[in-house]
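Please model the entire structure based on the sequences and the hints provided.
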Amino acid sequence: SAVISQKPSRDICQRGTSLTIQCQVDSQVTMMFWYRQQPGQSLTLIATANQGSEATYESGFVIDKFPISRPNLTFSTLTVSNLSPEDSSIYLCSVWGLFNENEQFFGPGTRLTVL
Amino acid sequence: GENVEQHPSTLSVQEGDSAVIKCTYSDSASNYFPWYKQELGKRPQLIIDIRSNVGEKKDQRIAVTLNKTAKHFSLHITETQPEDSAVYFCAASIGRGSGNTGKLIFGQGTTLQVKP
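Taken in order, these protein sequences are the chains called L and D.
The first sequence begins at 1 in our numbering and counts up one residue at a time.
The second sequence begins at 1001 in our numbering and counts up one residue at a time.
Please keep in mind that the hints were generated in silico from the structure rather than gathered at the bench.
Under the rule of at most 27 Å between Cα atoms (straight-line distance), these lysine-lysine pairs were calculated in the DSS-like manner: (1) D:Lys1042 with L:Lys65; (2) D:Lys1058 with D:Lys1022; (3) D:Lys1058 with D:Lys1037; (4) D:Lys1042 with L:Lys7; (5) L:Lys65 with L:Lys7; (6) D:Lys1022 with D:Lys1071; (7) D:Lys1037 with L:Lys7; (8) D:Lys1022 with D:Lys1037; (9) D:Lys1022 with D:Lys1068.
If you anchor each label on the Cβ, the simulated ranges turn out as follows: (10) D:Arg1061 with L:Ser53: 40 to 46 Å; (11) L:Glu54 with D:Glu1015: 46 to 52 Å; (12) D:Gln1108 with L:Lys65: 22 to 28 Å; (13) D:Gln1060 with L:Phe99: 17 to 23 Å.
Glycine is no exception: its CB is placed at the ideal position from the N, C-alpha and C atoms.
In structure tokens, the structure reads:
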């Protein structure tokens, strides 16, 4: 059974629209993160999803573009707003400490294509 | 800001040979260094990690070495097999004081091809 699941697994969107990605974890976790992986590139941290408070964004990422919710310790959403072709990427959620103290475990990812 | 440099970007070896991938990091507070393997269309998966109080760690054909003074760590794969072909990413934790933020900064990735 899946430990971390993401919905949708992939989507094709028109520019100017928004896409909300869901991340569900089987167990309660303290730390949850969202990463972006542009085509052929490495992983870049977007933000830390904080339970019950506003997300903490990394340099170059802003809340208006990437609003994040974390209503509880097992669930988070990432919205990519006002889509442009440059937003075409794989978006991955990850959790920290699910299996052992230091391991960061990734969800399966959501492949977004913006036309 | 924090940075992780990874080399080489591509690596091609014959089956049975060894492969070495090297990374350097900039954040002196980094204390955790994982390596991830990503196969095409799949999520990154942790293959080995090392903490700053250890200089070397081995797991079967995979080993990682860490030189904290030089801020340098390496992945060594021995007796490579075609199924080792994938993209490998190094990462370093982003420290904050004496704590750990849980955040990772990733290297640029190395595409390893193992030829049968």
